[in-house]
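Fit chain B to the known structure of chain A by using the hints.
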Amino acid sequence: MATQTPVTEVLDLTVEKAPQRRWLEVLHDWVTTVDHKKIGLMYIGYALFFLVVAGFEALLMRVQLAVPNNHFVSPQVFNRLFTMHGTTMVFFVGMPILFGFGNYLIPLMIGARDMAFPRLNAFSFWISAFGGLLLYFSYFGGSGLYGAGSAPDVGWFAYAPLTAQVFSPGHSTDYWTLSLLLTGIGTIGTSLNIVATAICMRCPGMKMSRLPLLVWLYLVTSCMVFVAVSPLTAAQIMLMLDRYLGSHFFDTQAGGSAVLWMHFFWIFGHPEVYILILPAFAFANEIIPVFSRKAIFGYPAMVAASVGIGFISLSVWAHHMFAVGMGPGANTFFVLATMAVSVPTGIKIFNWLATLWGGKIRFTVSMMFAVGFLFQFLIAGLTGIMLSVAPFDWQLTGSYFVVAHFHYVLVGAILFMLFSAFYYWYPKMSGRMLSETMGKWHFWLFLIGFHLTFDFMHVPGLLGMPRRIYTYEADRGWMIWNMVVSSGAIFQTIATLLFVYNMVWSYFKGEVAGADPWDAWTLEWSTTSPPATYNFAKIPSVASRRPLWDLKHPEDPDSHYETTEKPGGEERP
Amino acid sequence: MFACHGLYDLAVIVSTAFGDNPTNIFAPVGTPAHSVFGLSMLVLWITGAIFVLVAGILLYVLVRYRSRAADGVTEQEPPQIYGSNQIELAWTVIPILIVVMLFLATARVIYTTEHAPKPADALDVTVIGHQFWWEYSYPALGVVTANELHVPVSDPKHMLPTYLTMSSADTDHSFWVPRLAGKTDVIPNRVNTMWIDPQETGLYLGQCAQYCGVQHAKMLIRVYVDTPAAFDAWVAHQRQPAVEDSRVAEGRAVFEHNACISCHTIRGTVATGRFGPDLTHVASRDTIASGAVPNTAANIRSFVDNPENFKPGALMPPMHLDSHDLDAVTAYLTTLK
Chain A
1 MATQTPVTEV LDLTVEKAPQ RRWLEVLHDW VTTVDHKKIG LMYIGYALFF LVVAGFEALL
61 MRVQLAVPNN HFVSPQVFNR LFTMHGTTMV FFVGMPILFG FGNYLIPLMI GARDMAFPRL
121 NAFSFWISAF GGLLLYFSYF GGSGLYGAGS APDVGWFAYA PLTAQVFSPG HSTDYWTLSL
181 LLTGIGTIGT SLNIVATAIC MRCPGMKMSR LPLLVWLYLV TSCMVFVAVS PLTAAQIMLM
241 LDRYLGSHFF DTQAGGSAVL WMHFFWIFGH PEVYILILPA FAFANEIIPV FSRKAIFGYP
301 AMVAASVGIG FISLSVWAHH MFAVGMGPGA NTFFVLATMA VSVPTGIKIF NWLATLWGGK
361 IRFTVSMMFA VGFLFQFLIA GLTGIMLSVA PFDWQLTGSY FVVAHFHYVL VGAILFMLFS
421 AFYYWYPKMS GRMLSETMGK WHFWLFLIGF HLTFDFMHVP GLLGMPRRIY TYEADRGWMI
481 WNMVVSSGAI FQTIATLLFV YNMVWSYFKG EVAGADPWDA WTLEWSTTSP PATYNFAKIP
541 SVASRRPLWD LKHPEDPDSH YETTEKPGGE ERP
Chain B
1 MFACHGLYDL AVIVSTAFGD NPTNIFAPVG TPAHSVFGLS MLVLWITGAI FVLVAGILLY
61 VLVRYRSRAA DGVTEQEPPQ IYGSNQIELA WTVIPILIVV MLFLATARVI YTTEHAPKPA
121 DALDVTVIGH QFWWEYSYPA LGVVTANELH VPVSDPKHML PTYLTMSSAD TDHSFWVPRL
181 AGKTDVIPNR VNTMWIDPQE TGLYLGQCAQ YCGVQHAKML IRVYVDTPAA FDAWVAHQRQ
241 PAVEDSRVAE GRAVFEHNAC ISCHTIRGTV ATGRFGPDLT HVASRDTIAS GAVPNTAANI
301 RSFVDNPENF KPGALMPPMH LDSHDLDAVT AYLTTLK
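Quick mapping for you: the protein sequence lines, in order, are chains A and B.
For the first sequence, the working numbering gives the first residue as 1, with consecutive numbering after it.
For the second sequence, the working numbering gives the first residue as 1, with consecutive numbering after it.
Only chain A is shown next, with the shape it has when bound in the complex:
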């Protein structure tokens, strides 16, 4: 232990004098970079762009659905909107933004200078980015159902046989298939990189039992990507063979199976939900302790629960198919598997509550979003239990209740936690704080908008409103609920624009952050904000899960309480 580099010495205090460069050089620098931080930022920027695009698509849909028998958009346009909205949000917002944060933070948190495979990292980003551009190029190049569309209009889960040549002539479905195929390659590349980095690039002293929980969760998520994305890629290839080489995997008119596609899609699709939510848990695991001023409660249980969720979530996919007629045996199995996943998920929520318990909670904007996440994730989990009850699901599946449920997960939990992460790590990435005043407006406006939209969206589902309809009958009593839902979209739009403005404004005029503005405990806060290209002037070495705590509290360091025999579980005297 005597050879440890004290964490303070990793600070490089020589100020870099960046000469004024021409924009072409800057561009060249970004395009050719293999620096994990720049790639991370490009992932984030790219995802934010698509967040605005897909958010706008959602807004158009909400205008159309505000009143019954509306003619704001045609059915063809509406069908393209929900297909593009779903596909974009999952593949070109959710995945890249989470990988962006992972790319940026993982090497910094484990005391490494870059990812394990920097060039694979760049390749993965660019091929994913190309996938997104290809999808949107379909607006110019494709044509959909009966030649009526341009962008894909088969829905984001693209059930067979609607995707067959007969029902989907033209090329819009091919754009969908190819863009997912490409982005899948990038996703697997980045996941491979994260696994290799987390296992091989840790600084001295950072055993797996001292790995920050964020890195643990990214490790689990990346392993899930291997299992989940491969079937999707396989299914896309089969679909292309069906469409162009006369195979009949999903071609029901020639004896193929529509249900086969559902199985392929959902064995990807359900783990995908967890692939997206685990990074949100990862942020919560870092942010909630810092603003509660307490160590995370039950670190080993948190790791075990995450790994447990990873495994169990691979066996729940057919709960999307309770109405397909799988028979009582299969339905019962998937009910049990789905309910089982609520146990480790519950452990996480309880451990976060226990982390808050006895703390001194600082309500920064980042923490406010994290609390919003906790509250909304609780509700999303409970509506998830309702959906896991197969008979209840026979009524709820395919209805607006499901739409409300998964938006509670994706917006109420994941997006709230992402906003929290932005307020928390933006100072590290840019060197400046985001405005807390604007942040509070952002939080409250978004919270109001979110609850107006997604609380009330459950109701039309209970009243029999199916999803993916471009309009509805006036006599069903759905209008009042849809009006409220649509009105919430306005608040969310304003809040999001305010957030974008805050990011731009703060970049130039925000308060200078310094290395460690939150008085935090993990390694990324030991280096400058923004960190130098090489991250650390000297590779640090650590003796506990919270190296900066040890540094700030030499009289009572964590390393006294964490032993390899009993990781966690020990209470301070």
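Keep in mind that the hints were calculated from the coordinates and are not lab data.
For every residue, glycine included, the Cβ atom is placed at its ideal position computed from N, Cα and C.
Check the hints yourself; a few may be wrong.
Said to hold, decoys possible - 20 Å max Cα-Cα, derived DMTMM-like pairs, lysine to aspartate or glutamate:
no.	chain 1	residue 1	chain 2	residue 2
1	B	Lys337	B	Glu250
2	A	Lys360	B	Glu75
3	A	Lys552	A	Glu511
4	A	Lys552	B	Glu75
5	A	Lys207	A	Asp114
6	A	Lys360	B	Glu77
7	A	Lys552	B	Glu77
8	A	Lys538	A	Glu511
9	A	Lys207	A	Asp455
10	A	Lys38	A	Glu57
11	A	Lys440	A	Glu511
12	B	Lys157	B	Asp121
Said to hold, decoys possible - Output of the computed footprint for chain A on chain B, the stretches with three or more beta carbons under 8 Å from beta carbons of chain A:
no.	region
13	50-58
14	140-149
15	187-194
16	263-276
Just chain B now, kept in the frame of chain A:
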């Protein structure tokens, strides 16, 4: 006792909250919808209790343990607690017990619904989903109709369920009449079954619940639950050949000399197409275009002229008839009682 009482209260609150909504899942009128309703009340009660408990703790913690330091003042750090095996074990085991209980209740309803023994006198109906309409045929009764399903009411003392055998002619659909039962997907190259036993006469609405193409939104479902006598009369009427009325012979000629006959059937004429709805008794139905609009002469005329008027994306092409022929064919169709 408390739980039972609470369950009952919740059921009353939930079923009255949404008034007389025609597609409310909490206003069941048949056994399958009823057993879902009972189970869903149990689930709502349990999840509601969990919500109140956990959200209550969260709120308490946020208020009780908020930092009271002024901005910029550094406080002393609170005591650091790393975990507690006993507490963590407790909040692992308790959820497991809840899950087991909920699972058993769920499995029971799955089996009683999906494995219900079929009575010998149950009515059989074959349901075929099409883009974007429903074909109903009653093989034992020799009746074929479209978009408006008639079934006899089921007496609780002598159950008379209707068994639906379902498949699709093209893409995936899903049959959903919330007050009668949950959804069953209607999938090409696959046969699914479900059963309903509505115990009150009346009209029950629903619609296709699986995205099936451009006009998915207007693939509506209407189920008429008749008294046994009214049902028998309806069957007898539907078995009749099409009405022959010499006053509309011109309209019939227009129908028979245009592409109409390639897709539609009118029994007793040369029209034997299977691609579109059977029109033998089209005038006996309340709506056209799969429930999209009321069955009036003006609507029929508009629909024949151009189906896009009501259903953009419908597969029936505009018929390009002149005004005179349109009037004639409309007159003919309105006589097909």
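_Under 8 Å between beta-carbons, do enough residues of the region 50-58 of chain B, three at least, approach chain A for the coverage claim to hold?_
Satisfied; 6 residues make the cut.
_Under 8 Å between beta-carbons, do enough residues of the region 140-149 of chain B, three at least, approach chain A for the coverage claim to hold?_
violated (count 0)
*With a cut-off of 20 Å on the C-alpha distance, tell me whether Lys552/A and Glu77/B pass.*
It holds: about 11 Å lies between the C-alpha atoms, which stays within 20 Å.
*Would you check the hint for Lys538/A and Glu511/A, treating anything up to 20 Å between C-alpha atoms as holding?*
violated (28 Å)
*Has the given pair, Lys440/A with Glu511/A, been kept, meaning a C-alpha gap of at most 20 Å?*
holds (16 Å)
*Take the C-alpha atoms of Lys157/B and Asp121/B, compute the straight-line distance between them, and say whether it is at most 20 Å.*
Holds: Lys157/B and Asp121/B sit about 14 Å apart, inside 20 Å.
*Are at least 3 residues of the region 263-276 of chain B within less than 8 Å of chain A when you compare beta carbons?*
violated (count 0)
*Pair hint Lys360/A and Glu75/B, alpha-carbon separation not exceeding 20 Å*: Given that 20 Å is the threshold and the Cα spacing comes to 9 Å, the pair holds.
*Given the hinted pair Lys38/A and Glu57/A, is their alpha-carbon gap at most 20 Å?*
violated (29 Å)
*asked:* So if I understand the rule, the pair passes when the alpha-carbon distance is 20 Å or less; does Lys552/A with Glu75/B pass?
replied: Between Lys552/A and Glu75/B the Cα gap is close to 14 Å, so the pair holds against 20 Å.
*Going straight from one Cα to the other, do Lys552/A and Glu511/A come out at no more than 20 Å?*
Measuring from Cα to Cα gives roughly 24 Å; hence the hint is violated.
*Is Lys337/B close enough to Glu250/B, meaning Cα to Cα at most 20 Å?*
Holds. Lys337/B to Glu250/B sits at ~18 Å (cutoff 20 Å).
Consistency note: the structure conflicts with the earlier hints numbered 3, 8, 9, 10, 14, 16.
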